[in-house]
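*Asks:* Read off the chains here:
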Amino acid sequence: DGGITQSPKYLFRKEGQNVTLSCEQNLNHDAMYWYRQDPGQGLRLIYYSQIVNDFQKGDIAEGYSVSREKKESFPLTVTSAQKNPTAFYLCASSMQGAFNQPQHFGDGTRLSIL
Amino acid sequence: DAKTTQPTSMDCAEGRAANLPCNHSTISGNEYVYWYRQIHSQGPQYIIHGLKNNETNEMASLIITEDRKSSTLILPHATLRDTAVYYCIVGGKLIFGQGTELSVKP
Chain A
2 DGGITQSPKY LFRKEGQNVT LSCEQNLNHD AMYWYRQDPG QGLRLIYYSQ IVNDFQKGDI
62 AEGYSVSREK KESFPLTVTS AQKNPTAFYL CASSMQGAFN QPQHFGDGTR LSIL
Chain B
20 DAKTTQPTSM DCAEGRAANL PCNHSTISGN EYVYWYRQIH SQGPQYIIHG LKNNETNEMA
80 SLIITEDRKS STLILPHATL RDTAVYYCIV GGKLIFGQGT ELSVKP
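Which chain is which? The protein sequence lines are A and B, in order. Counting in this note's numbering, the first sequence runs from 2 upward without gaps. Counting in this note's numbering, the second sequence runs from 20 upward without gaps.
Derived by calculation from the structure, the hints in this document are not laboratory data. Since the model is a prediction, treat every value here as computed from it, not as a measurement. For each residue, glycine too, the CB sits at the ideal point set by N, CA and C. Honestly, I wouldn't trust all of these hints.
Claimed, not checked - Between beta-carbon pairs, the in silico distance windows are: (1) B/P95 - A/N19: 40 to 50 Å; (2) A/S81 - B/G48: 39 to 49 Å; (3) A/N19 - B/I82: 41 to 51 Å; (4) B/I58 - A/S113: 14 to 24 Å.
Said to hold, decoys possible - Straight-line distance between alpha carbons at most 20 Å, and here's what the computed EDC-like set of lysine to aspartate or glutamate pairs gives: (5) A/K71 - A/D31; (6) B/K22 - A/D31; (7) B/K112 - A/D31; (8) B/K112 - B/E50; (9) B/K112 - A/D39; (10) B/K124 - B/E50; (11) B/K112 - A/D55; (12) A/K71 - A/E25; (13) B/K112 - A/E70; (14) A/K10 - A/E73.
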């Protein structure tokens with residue numbers, strides 16, 4: 002089945018530690034996105050990538066980093082510079098980029114600070 | 020991006036049609052209307068989108084008024100699994116408002 006796979010489902014981070022969230026898609030989509038969702042809130046865009054080897058900052062990129070070395074993979078690193086990382090992280094993809102296509106989401110990763 | 024207005028909550032009996040309204044009076048001529056839903060603790064799910072014509076897919080129908088200032092998402096035969104928060108979005112950027120919390124009851 003085609004889709005987006007995020008792992009792990011739950012992740013715990015110690016203070017001062019970097020963690021990387023995985024996102025893989027087998028939909029052959031060009032564009033991929035990372036969002037953060039806090040309880041009772043909407044989505045906030047962290048980073049997006051319209052094509053391999055290219056990505057742009059979203060609205061809340063500080064404290065995060067990404068890479069897009071392969072079309073199917075768009076990992077997100079939450080660095081120690083992100084002071085409030087506890088949230089629900091969602092990865093999405095669309096056929097083409099720049100927000101003009103429907104986006105398809107993974108099941109998310111819940112990150113908590115120990 | 021244009022703003023949308025949706026009722027906070029709605030109830031629907033199982034098996035009946037659920038009609039979810041959305042106002043988007045400031046929509047621009049080239050902006051699409053998108054509908055997504057989010058079931059608790061899961062990622063959002065794309066439902067349907069349209070520009071000016073009515074659209075139908077295996078999940079739902081989308082009715083857009085002629086002036087494009089409002090639209091209605093129709094789930095023709097709601098089931099308990101359709102209980103979720105439904106978001107109407109204009110333009111491509113996913114700025115989720117409060118959405119409509121739909122409760123489908125037996």
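*Asks:* The structure should be examined with respect to each hint, and the outcome stated for every one.
*Replies:* Results of checking the hints against the structure:
1. At about 48 Å, the beta-carbon gap between B/P95 and A/N19 stays in the expected band of 40 to 50 Å.
2. Taken as a hint, the range 39 to 49 Å holds for the pair A/S81 and B/G48, whose Cβ atoms sit roughly 46 Å apart.
3. A/N19 and B/I82 have their C-beta atoms about 48 Å apart, which keeps the hinted 41 to 51 Å range intact.
4. For the pair B/I58 and A/S113, the supplied restraint of 14 to 24 Å holds, since their beta-carbon distance comes to about 21 Å.
5. Distance restraint check for A/K71 and A/D31: the Cα-Cα separation of roughly 10 Å lies within the 20 Å cut-off, and the hinted pair is therefore satisfied.
6. Using a Cα cut-off of 20 Å, the hinted pair B/K22 and A/D31 is violated, with the two alpha carbons roughly 28 Å apart.
7. Straight-line distance between C-alpha atoms of B/K112 and A/D31 comes to about 17 Å, which keeps the hinted pair within the 20 Å bound.
8. Between the alpha carbons of B/K112 and B/E50 the distance comes to roughly 11 Å, so the proposed pair stays at or under 20 Å and holds.
9. Taking the CA atoms of B/K112 and A/D39, the gap is about 18 Å. The hint holds against a cut of 20 Å.
10. Note on B/K124 and B/E50: the hinted pairing is violated, with a Cα-Cα distance of about 34 Å set against a maximum of 20 Å.
11. Restraint check: the Cα-Cα separation between B/K112 and A/D55 comes to about 19 Å, which is no more than 20 Å; the hinted pair holds.
12. For the suggested pair A/K71 and A/E25, the alpha carbons sit about 10 Å apart, so the restraint of at most 20 Å is met.
13. For the hint pairing B/K112 with A/E70, the CA-to-CA distance comes to about 24 Å; that exceeds 20 Å, so the pair is violated.
14. The suggested pairing of A/K10 with A/E73 holds, with an alpha-carbon distance near 19 Å, which does not exceed 20 Å.
Hint compliance for this structure: hints 6, 10, 13 are broken, all remaining hints hold.
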